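Residue numbers (numbering that gives the first Met the number 0), protein chains in the order written: chain P, 0 to 284; chain S, 0 to 268.
Bear in mind the hints are in silico, worked out from the structure with no lab data behind them.
Take these hints with a grain of salt, some might be off.
Unchecked claim - Here are some of the chain S residues that sit facing chain P, going by a computed Cβ distance under 7 Å:
no., residue
1, Leu-63
2, Val-65
3, Thr-69
4, Ser-91
5, Leu-93
6, Leu-104
7, Val-178
8, Asn-182
9, Ser-186
10, Ile-240
11, Val-241
12, Pro-251
Claimed, not checked - BS3-like cross-link-like pairs, simulated, lysine-lysine; straight-line CA separation at most 25 Å:
no., chain 1, residue 1, chain 2, residue 2
13, S, Lys-81, P, Lys-85
14, S, Lys-255, P, Lys-91
15, S, Lys-259, P, Lys-90
16, P, Lys-155, P, Lys-91
Note that the coordinates shown come from a computational prediction; the quantities given were computed from them, not determined experimentally.
Ideal placement from N, C-alpha and C gives every residue a C-beta, glycine not left out.
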Amino acid sequence: MLIPGLASLILFHYIPMYGISMAFQDFNVVKGFFKSPWVGFDNFAYLLKSREFYAILRNSILISLYRMFWGFPVPIILALMLNEVKNIYYKKTIQTILYLPHFISWVVIVGIVYNFLSPSTGIINHIIKLFGGEPIAFLQEEKYFRSILVISDIWKGSGWGTIIYLAAISGIDESLYEAAIIDGATRMQRIRYVTIPGIMSTIIVLLILRSGSILRNGFEQIFLMYSPLVYDVADVFETYTYRVGLREGRFSYATAVGMFQSIVGLILIWTTNRLSRKFGEGGLW
Amino acid sequence: MLYPFLNVIAVSISDYSSYLANPLRIFPGKMDFTAFRYVFSSSLILSSYRNTIVVTILGTLIALIVTILTAYPLSKKNLKGKKLIMNLFIFSMLFSGGIIPSFYLIRSLNLLDTLWALILPGTISAYNVILMKNFFTSLPESLEEAAKIDGASDLYVLWKIVIPLSTPIIATIGLFVCVGYWNSYFSAVLYIRDQQKWTLQLLLREIIMSANTQLLSSGGNMAEMSAEAIPPQTIKYATLIVVILPILCVYPFLQKYFVKGMMLGAVKG
């Protein structure tokens, strides 16, 4: 019974892992995988010397940090607010709407963003013009690009992110609230001194695990939004690997870039998982 | 949160003059469905709709079968090498070969430009296997033992006893996989060149981009798309709707399954 699953796992996960040895070759499409010459760490040496690499590294980390800084608290605040809504139908409706964007593809979301921000027909620029301003080509301006990334990411993901916090909140002992009410705590005080401490361990664990994937930004969102005009601030490992490897055909070098990301990522996740276990919450596995 | 959706829907079914009068609208102005008629008359839309549906249905079915078949033996205590296999799965979540080796693999398998390239790599996910396995482990063993004593084979037990008891988890995982296939864009970018094999997401991307450049430079290669004088804005919005409509339709009814799935993921065994 295990055969189809294992075969699929090995074929689509472990063979590509072996394929990573391309990073140590001067891979040549004509010669193929088994006949290309080995070059040791040349690709990595080249990688560490190139200026592009440091730009990519900086972008990946910065964009990740921005997402964390602005995006991480949003689901927590939303969950706290939802928890205070007492009307069950009202709450259900809000939840349904909040979760919706999670199920919409990036292509669609970026399509909407594009149209909203378009300098000629976009809604935002329409408003700017109403107030007598000059239209701005938001997606082509380096200074706006990362903010747009972060905001659209929050719009798509934070509603869904509340689920885990709502689950944690529902696990808080009801009697704590009753005691707080008897002591005369106001609603804000109950949130501040009962709810937040109650979900603190969840928050910490999620934060630790999130920082484990700091080099990962995902491919689709950035790939769909960026353009050569903003490569300087937008290019991350995923998009760079794709462009260099498949557009420019530098297979070996691109594999080396990808491998750097995978290995550093693995170390980070392993470390943060360890940390999270130390907090007594158990890790991802 | 909701405004962008309402606006897109309203624009797509309004005529162009009422769009120009007030692009910020949430309620449609003069109703006009020509954009939709136009979108549905395009053969490219129909073929990519078909491709997406094929990929989604086949992919979900295969993924479910493979996941169930893998998870069931792993939920048994006495399986030899269980620990090793579990570790293989977990490691595959943490480390991957990356884009280029995967691409090269698909190329070597001669799957480039086939729908199988979109279906097969997604059929096994360590995360789903672990969720399924945990659910199977939580089922009472006595039922299966009783069936075994009556002489039922493993597959028979799985089919007649375990699967009927596991409909909640199967529905949940199935839905996630299904939405994943429907929305997947990246693998199509990597593996599909032929326009006939395009999926909806790829096509939508092309329409959004090319209509934009049409507006700016009045060039563009979408000859069949600009046949009539329908404003590109309305066409884009109509296509957006066509792509997300199936999800919008089923989503409110299935939401509880999705949330349940997320909870299962959070409370791991």
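Against the structure, the hints:
1. The criterion of a C-beta within 7 Å of any C-beta in chain P is not met by S:Leu-63, whose closest approach is roughly 12 Å, and the hint is violated.
2. Hint status for S:Val-65 relative to chain P: holds, with the closest Cβ pair at about 5 Å, below 7 Å.
3. Of the supplied interface hints, the one on S:Thr-69 holds, with its beta-carbon coming within about 3 Å of a beta-carbon of chain P, less than 7 Å.
4. A distance limit of 7 Å between C-beta atoms decides the matter here; for S:Ser-91 the minimum to chain P is near 4 Å, and the interface restraint holds.
5. Below 7 Å, beta-carbon pairs count as interface contacts, and S:Leu-93 has one with chain P at about 6 Å; its hint therefore holds.
6. For S:Leu-104, the shortest C-beta to C-beta distance to chain P is roughly 6 Å, which falls under 7 Å, so the interface hint holds.
7. For S:Val-178, the suggested interface contact is upheld, since its CB lies about 5 Å from the closest CB of chain P, less than 7 Å.
8. Nearest Cβ of chain P to the Cβ of S:Asn-182: about 3 Å, under the 7 Å cut. The hint holds.
9. With 7 Å as the threshold, the beta carbon of S:Ser-186 stays out of range of chain P, its nearest partner Cβ sitting at about 10 Å, so the hint is violated.
10. A least Cβ separation of about 9 Å between S:Ile-240 and chain P goes past the 7 Å threshold, and the interface hint is therefore violated.
11. Because the closest C-beta pair between S:Val-241 and chain P is about 10 Å apart, greater than 7 Å, the hint is violated.
12. The interface hint given for S:Pro-251 is met, as the beta carbon of that residue sits about 6 Å from the closest beta carbon of chain P, less than 7 Å.
13. A hinted pair counts as satisfied when its Cα atoms are at most 25 Å apart, and S:Lys-81 with P:Lys-85 does not qualify at roughly 47 Å.
14. Restraint check for S:Lys-255 and P:Lys-91: satisfied, since their Cα atoms lie roughly 10 Å apart, inside the 25 Å limit.
15. Using a Cα cut-off of 25 Å, the hinted pair S:Lys-259 and P:Lys-90 holds, with the two alpha carbons roughly 17 Å apart.
16. With a CA separation close to 18 Å, the supplied pair P:Lys-155 and P:Lys-91 stays within the 25 Å bound.
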